[in-house]
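Chemist: Going line by line, the protein sequences match chains A and B. Under the numbering used here, the residue at position 178 of the first sequence is numbered 178, and the numbers go up by one with no gaps. Take the position in the second sequence, starting the count at 1, then add 402; the result is the number in the numbering used here.
Fair warning: there could be bad hints in the mix.
To be verified - Here are the simulated DSS-like cross-link-like pairs (lysine-lysine), alpha carbons at most 27 angstroms apart as the crow flies:
id	chain 1	residue 1	chain 2	residue 2
1	A	LYS157	B	LYS493
2	A	LYS157	B	LYS528
3	B	LYS528	B	LYS493
These aren't lab readings, by the way, just hints derived from the structure by calculation.
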Amino acid sequence: MMYEHFDNIVKGITEKLNHDPDGINARKKYVLAISKLGKKLYSRDENIAWCGVTAPFDLLSAMGVTSCFVEFVGAMLSSTDTAGFFLEKAEDAGFATDSCAYHRAVMGAVLENAMPEPDFIIGTSSPCTAGLAIVENFAHQYKKDFFILNVPQNYTKDAVKYLATQLEEMTRFVSDHTKRPLSKQRLSFALENFNTSTSLLKEIYDLARTKPSPVDNKFLKDFGTVVALLMGTKQGIDICRAFKDELARRIKKGLHHASKEKIRLMWIQNRIQYPFPINEMLDDLGAKIVVDELNNVTWEPMDPDNPFESIAKRMISIPFSMGTAERIRQMQNLAKAYRIDGAINPCHWGCRQGTGARGLISKGLKDINVPVLNLEIDCVDSRNLAKGQIETRVEAFIEMLS
Amino acid sequence: MNKKIGFTCAYTPVPLIEAAGFSPFRVFPESKAPDLSGNLLHDNLCPHVKKVLDRAIAGDLPDLEGMVFINSCDSMRRLSDAWHEARPDDKIIFLDLPSGINSLSLDFLSKEYKRLTETLFKWNNKTCSSKEMTARVNNRIDTWNLLAALVKKSSGKMSKAYTKGHASLIQEIINTAATKSVDKALLMAQNKIDPQGDARQGAAPVFLFGNLLFDPKVYDLFEEWNINVTGNDFCTSSRFITPVDKNACDNIFKSIAASYLNNTSCARTMDTSKPGSIAMNIVQQAKETNAKGVIGFTLKFCDPYLARIPMIRKALQKESIPFLMLEGDCTMGCMGQQQTRIEAFAEMLEV
Ligand code: SF4
Ligand code: SF4
């Protein structure tokens, strides 16, 4: 099912691309690249690893492993409106309805054999303990070898060294399974690619900051989280470049919908994955999401001479790896840099990690005079969606900001 | 009287707190403090974290010199974040606890435990050589190990002949070590760890596991409901009293780390070479204690435990061991609501 889904997208966009190479926007190119990755995962021609969100995908791809975080599948199922079936399967098997639906949906897919069997599994303790618990379930279910990267929360020398050593150990674990040693040269290329993509990301985010912003409500939706799967590859660079160029073009041509930017917003954590017209609704209200919390570069450039330490520092620098105070500090910086008027926190039900900090986040943003709208939404499971109530609250919030 | 150090997680080695001259105070989620934690965090967190935070907000705590938090799960991380906000003047130390068990984790955790010890000594203005510090730690570990051995020995008897009040008495002793002092708990254990009386007949032998079940009175309820507790595995019981093998490694902090990591692991710490081993451990403990059934009690919203329940259920099913799963908060009231189900389970075990 998922293979066909990705295949159809690839076919559709490729056809359009062949027809009119310039008629394809950056977002479509990105969807194409991600769908190609999805196809690869589901065709099982290469070594496959299911991973935690913060796994080093650049390092894994340098080792010839097609890898992806499991929550990606949860999001895909939701976006295609098929999550409900898998959520029910997981719940029937005893997975708690109060758990994160990204995990419940993908677990349902595992139980229904709708997931490609991996060669091995790499769990990460960041962003969440829930994610780690789910990949342990994967390993148990598939009877596959399991490696955990413990990402310490305290950013200390010892912590970096600990994670760097684990990363080295992980490469041995991977080599044992693929029967291919790590090529230092390939890793260097991957890190250089990563650095090039990072520079482009910074440019993208700089351009998005412009007032009025050249983005629209969907343009950079969940971009930072998902593009991590491509960073380290040439394709990743191409995608980032396409986004940068498109934003620059929009600014040059004045295609930035200034009229629709009475209110500039920040979206906290992940977006809603299933079809729900919140973006259109914000458009109608003259509000624009100019920044997503997770569209941010928090790391220093990778040092190819010191690869493991660089990757370790990057993994710890991600907002969800450290304490909430650091997360709030990063959000405050974004709020100021993007000159936002307010923020929306969907408070994804079941997320102790991100949503758990709801009150502290509201307070942290209030301290810099940024009001926050806290919704109660499950971003993946639409079965109990109180659509009308959410619309009313969003409307009232935007009105209040106006 | 010693000043107190608060803590919340069973991976906090109490001997380190006592070695620095403090008394331990495990902050249990037991309070009449108003429900305010949702304002600082969110209501979808486990009742353990929420109630402890309610206590912090309401000041329903004894004088604490500082708090020790462990990175045991996302909710606990959020609790430590919120503590800064609720009690900004408190001294706080946050330790990283690895999720996997291997030599690297062991080395890292030993450094974390050393950092904890040094910090506690500093908080108590104790300047001493590292040799002296180690000697004090060793000394407190000796007492702790005596207590652990007594608790283990006495708990072992429950699986052979269950005596009324036995489980609640052991819990009381454990709670004394967690909230007062290990010396006091040891004295209690030496004087009365094995309750007097005849073995109870006719009740269903059941093994209990989960995260938190700390109120000794809960065990009296189980007895009333015709259950003999053959053994248990909670963060507030056997997993808290972790004996330290002082000779496990070449330095004391490594030995402590090895002992804590290799103790029966809880749901958030796992042996990566055996994914799902928590399920096997529970089956094994149920069998070893001659239980005819297993009751799991897990707090609502506890991701680490709830995500492992399906595999635990499957493993027990495979061995034909009946299983009852309860979910709720830590209150006696919540247990009371489960009475019918527990009694029906005991009946079903047909003793
Ligand atoms: S939404 Fe929260 S619980 Fe779910 S995967 Fe993301 S961080 Fe983990
Ligand atoms: S009960 Fe569960 S969720 Fe709560 S603090 Fe303990 S491990 Fe974390």
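Chemist: Against each hint, give a clear statement of whether it holds in the structure.
Modeler: How the hints compare with the structure:
1. LYS157/A <-> LYS493/B: 22 angstroms, holds
2. LYS157/A <-> LYS528/B: Between LYS157/A and LYS528/B the Cα gap is close to 26 angstroms, so the pair holds against 27 angstroms.
3. LYS528/B <-> LYS493/B: Holds. LYS528/B to LYS493/B sits at ~16 angstroms (cutoff 27 angstroms).
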